[in-house]
Each structure stands twice: as C-alpha cells, then as structure tokens.
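Number of protein chains: 2
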Amino acid sequence: MTTPGTLYLLPNTLGKTNGNATHPEEVLQIIRHLDVLIVENIQNATRFLQWVGDTVPEFKIEFYPLTKKTSDIDLLEYIKPLKKGKNAGVLSEAGLPAIADPGARLVELAHKYHIPVRPLVGPSSIFLALMGSGFNGQQFQFHGYLPMDDKACSQKIQELEGQSKRHDISQIFMETPYRNTSMITRILSQCKDDTRLCVACDLSLDSEEIISKPVDEWKKMQKHPDYDHSKWNKRPVIYLLYAR
Amino acid sequence: MTTPGTLYLLPNTLGKTNGNATHPEEVLQIIRHLDVLIVENIQNATRFLQWVGDTVPEFKIEFYPLTKKTSDIDLLEYIKPLKKGKNAGVLSEAGLPAIADPGARLVELAHKYHIPVRPLVGPSSIFLALMGSGFNGQQFQFHGYLPMDDKACSQKIQELEGQSKRHDISQIFMETPYRNTSMITRILSQCKDDTRLCVACDLSLDSEEIISKPVDEWKKMQKHPDYDHSKWNKRPVIYLLYAR
Chain A
-9 MTTPGTLYLL PNTLGKTNGN ATHPEEVLQI IRHLDVLIVE NIQNATRFLQ WVGDTVPEFK
51 IEFYPLTKKT SDIDLLEYIK PLKKGKNAGV LSEAGLPAIA DPGARLVELA HKYHIPVRPL
111 VGPSSIFLAL MGSGFNGQQF QFHGYLPMDD KACSQKIQEL EGQSKRHDIS QIFMETPYRN
171 TSMITRILSQ CKDDTRLCVA CDLSLDSEEI ISKPVDEWKK MQKHPDYDHS KWNKRPVIYL
231 LYAR
Chain B
-9 MTTPGTLYLL PNTLGKTNGN ATHPEEVLQI IRHLDVLIVE NIQNATRFLQ WVGDTVPEFK
51 IEFYPLTKKT SDIDLLEYIK PLKKGKNAGV LSEAGLPAIA DPGARLVELA HKYHIPVRPL
111 VGPSSIFLAL MGSGFNGQQF QFHGYLPMDD KACSQKIQEL EGQSKRHDIS QIFMETPYRN
171 TSMITRILSQ CKDDTRLCVA CDLSLDSEEI ISKPVDEWKK MQKHPDYDHS KWNKRPVIYL
231 LYAR
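Top to bottom, those sequences are chains A and B. For the first sequence, the positions run -9 to 234 when the working numbering is used. For the second sequence, the positions run -9 to 234 when the working numbering is used.
One thing to keep in mind: the hints can contain errors.
Unchecked claim - Pairs of lysine-lysine, DSS-like flavour, derived with a Cα cap of 25 Å: (1) Lys221/B / Lys102/A; (2) Lys102/A / Lys203/B; (3) Lys102/B / Lys203/A; (4) Lys155/A / Lys102/B; (5) Lys203/B / Lys73/A; (6) Lys59/B / Lys203/A; (7) Lys203/A / Lys70/B; (8) Lys76/A / Lys203/B; (9) Lys155/A / Lys58/B.
Unchecked claim - Per label pair, the in silico range of CB-to-CB distance: (10) Asn8/B / Phe53/A: 26 to 36 Å; (11) Lys59/B / Lys74/A: 46 to 56 Å; (12) His157/A / Lys141/B: 16 to 26 Å; (13) Pro55/B / Arg156/A: 25 to 35 Å.
By construction, these hints were calculated from the structure, which means they are not laboratory data. Beta carbons: idealized from backbone N, C-alpha and C, even for Gly.
Work out the full structure, taking the sequences as your base and the hints as a guide.
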C-alpha cells in the first residue's frame, strides 16, 4: 500500500507586501516543494508562488480550482493524487483556507479517506483583529458576513450587541469592503454609547490601522475635521463589537 | 511631545520545538529589538528569547509580570515606558497573547492612551485546530474552558451540540490536559452518533495529531486494540464539536 501524501493548509498573505511578516521559514519550505495546489484563482496562486520563491518549475505543479461551488465529485478527484502519495496544498485568496474561505469540505473528505491534514501557521485577519482589539479573547464568536438587507442587518447588530453583554463574548464579523462606510455609520447610529467597536483594517500590511474605542468616542472622532469616514472604503476590515 | 512606542503582541511557540514552523522572519526581527517585555513567566520568556536568537543583552531588557490577576494600577505603570517612546512586547506562555490568555486589558489600556498596538502573526492552537477540523469555518464560537463541575459540564456540552445544529456553527473549547481522557469519554457517551468531534493535539509540533470524525466512528476506533484513549492525557488539546 502506498503511503498517502499530506494535505497542507497553506496561509496566503493578506494583501500586497514586499517583506515577510506572515510566513515562517518552514512553512515557505513546505510550499516550495508541493506537487499539487488546490486554489481559488490560478493566476493569483502563481503570483503567490513567486512571492514564496517556489523552486518547483511551474509546469510541474498541478493546479486544481476550488470555490464554494466546487462539487463533491470534483473534490473526490482531488483526493486521488493524495492517496497516491503526492503532497497537496490548499490556498485561498487571502489568509487561512477553511476559515471564512473555501476549503473545509476538502479537509472533511481528507479525514474521511485517512489523508493526513496539516494546518500551517500564517496570518488570519480574524485573529490579528481579536488580539489587537483588547476585547474578550476568552470567549468570542465569528459570524462571517451579516445579512445584506438593511432591516435584517440592523436587527443582527442589535442581537450581537445584546448577546455580547449577556454572555460576555466578543462578536466578530466582516463586510464587503465597498460598504465599510455605511456599516460603520450603521453601528454608530445603532449601538449604545459604551459598547466598544473595533475596526481593524489592512492587517499585517504597512497600512495597518486598528481603532478600538467606545461608540461615544467614535462619534467624537467623527466630528474631528481631520477624520474622514470614507477612508475605510474598499479596504479589508474586520469588525468587532463588545458590550459589557 | 515624544512619539510613543508600539505595543507588540508577540506569539509564543505552542511547545518545545527546535525548528521554526511558527514565526515569520520579520516577527523574529521585531522581538530581537524590544526594550520591554511583559510576560507571564520571566524564566520561560528568557528561554523563548534564546530560541528567537535575541541580540539585545538580557540585562538591557526590562521584564514586567503579567497574569490574570495583575492590577489595573500595575498595568498603567506598564504604559509609561511606551508613552516615553520605548517599544514593548506582550508574551504569553503559549500561542497568542490576549486570546485564551492574558493581555486584553493591557491592549485596552494602550488604545485608551493612544499607544499604537501591533498584533504579530504566529501560531494559534484554536485557529490551527479549526482549519484542520474540516468543520464550518464561516461561523464558529470559542468558549474557553467548560465548567469543571460534572453536571454543569455535561449540560454545557449538550447546549453546544444543540446550538451547533440549530445555527450551523463550529464549537471550540479547551480542557486542562490531565482531564483529556475523561472529557473525550464524556463527549462520546453524550453526543449524538452523527455529531462530529475533532481532537487536535500538539498543534505545530512534531507530535501533532488531528482526529476529526463522527462520534460513532470515534466509538468504533475506541474498540480497536491499538487505540488507547489515555494517549491524549497531559497533552494540549483543542476540542471542536459540529452537528449538522
């Protein structure tokens, strides 16, 4: 019987960067020697391999596409080379695969077929934001994207604020970057003055910004002539709410 | 006015390791040049600095102790050197500070006194476990330690299983290492056959083991003569439950 390969879960960077504040050397070494890459976007993955300094000639790497919509039948195909002893890596467009990104179903299949799974250390905007917020890191919940509908979104924010206060948990969520301004406006207009809001933007990049303060102080800051709410627009933001 | 220093949130390793599968080069560089270290245990922190290859002579670094019990008055003292322009790092005993570890109150104070806060990339057993589980990474909750009392603990597990199924969330929690055997036994005796349990142990270390399967398959595995439940004892484990 062939010894199966390993399914490595590869961290991506969180945006364009020249240095390396995100990937440990052993992680880079593993990425440099993979046979198969399962990726969201082949072009971006190729660019990532250049950043990593891949030593395998590109034509020797097999690329398989992975999105939310990839069928289970296709995913089973991806398990085959692993069974034959090849090492594969899963890479999402930013941060960690299988966390707020595709990959979990493939990991589930790997476990089912006794393929060793090895998650590798790298940047997670969710965790960097939680650390940097100063909110409760002993109990927290991640909600992904809130509902798009106005009313449902407002209701959800109210619900999260209430749960945070009742159960002492930090609430973490995301928004599509072009709606950051309206999300912040919504939170400030809706949440209690002493509820704390953290906006963590461009994490691990040179332009990183983490602002963490009570809603009433956000409102004061908003009035300052130097402050412009729209600066958050089109930048990746993680939101955290914490009510005590 | 002096430009304030930065409060860096430093990742620690997740156990004894010779290589470096956990710390990016730029993170190591930052750690090598800090003036102040705020740490849970000075002896262990000194050992960590040796692993990092610190270039600042040890007697030039100021160490401040940080535990859950450190008073707010003491924490305010720790802000002073930062205000004077010194760079400080917070280090917990393993993994990331302020996440399932002390540090959050200090980060809160730093924000209050306009000290820049910079979380650095490193290993989090919670996130490595979530990635490696194959469970839902779009929505998840971390609960820290479950209640110690037998009855309350069983109730909590039942509650987590029910919430997971109703809201489609992955549930993540911990247990003190010497009680791992009894925690696994408890979960297997209590949860439904198709609820999935992931036990993620010694993450990022050579002895890493991630077992993720439905409860009924755990029970079958338990009957195998080669399997011994007690192997988990005294090893750091992250637990995940997921019911669909």
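Okay, the hints, checked on the actual structure:
1. Lys221/B / Lys102/A: holds (22 Å)
2. Lys102/A / Lys203/B: holds (7 Å)
3. Lys102/B / Lys203/A: Holds - the C-alpha atoms of Lys203/A and Lys102/B are around 7 Å apart, at most 25 Å.
4. Lys155/A / Lys102/B: holds (21 Å)
5. Lys203/B / Lys73/A: Holds - the C-alpha atoms of Lys73/A and Lys203/B are around 19 Å apart, at most 25 Å.
6. Lys59/B / Lys203/A: Status holds; Cα separation ~23 Å.
7. Lys203/A / Lys70/B: holds (20 Å)
8. Lys76/A / Lys203/B: Given that 25 Å is the threshold and the Cα spacing comes to 23 Å, the pair holds.
9. Lys155/A / Lys58/B: holds (21 Å)
10. Asn8/B / Phe53/A: 26 to 36 Å: About 33 Å separates the Cβ atoms of Asn8/B and Phe53/A, which means 26 to 36 Å holds.
11. Lys59/B / Lys74/A: 46 to 56 Å: Given a distance of about 55 Å, which is inside 46 to 56 Å, the answer is holds.
12. His157/A / Lys141/B: 16 to 26 Å: Given about 20 Å between the Cβ atoms, the range holds.
13. Pro55/B / Arg156/A: 25 to 35 Å: Holds - the Cβ-Cβ distance for Pro55/B and Arg156/A, about 33 Å, lies within 25 to 35 Å.
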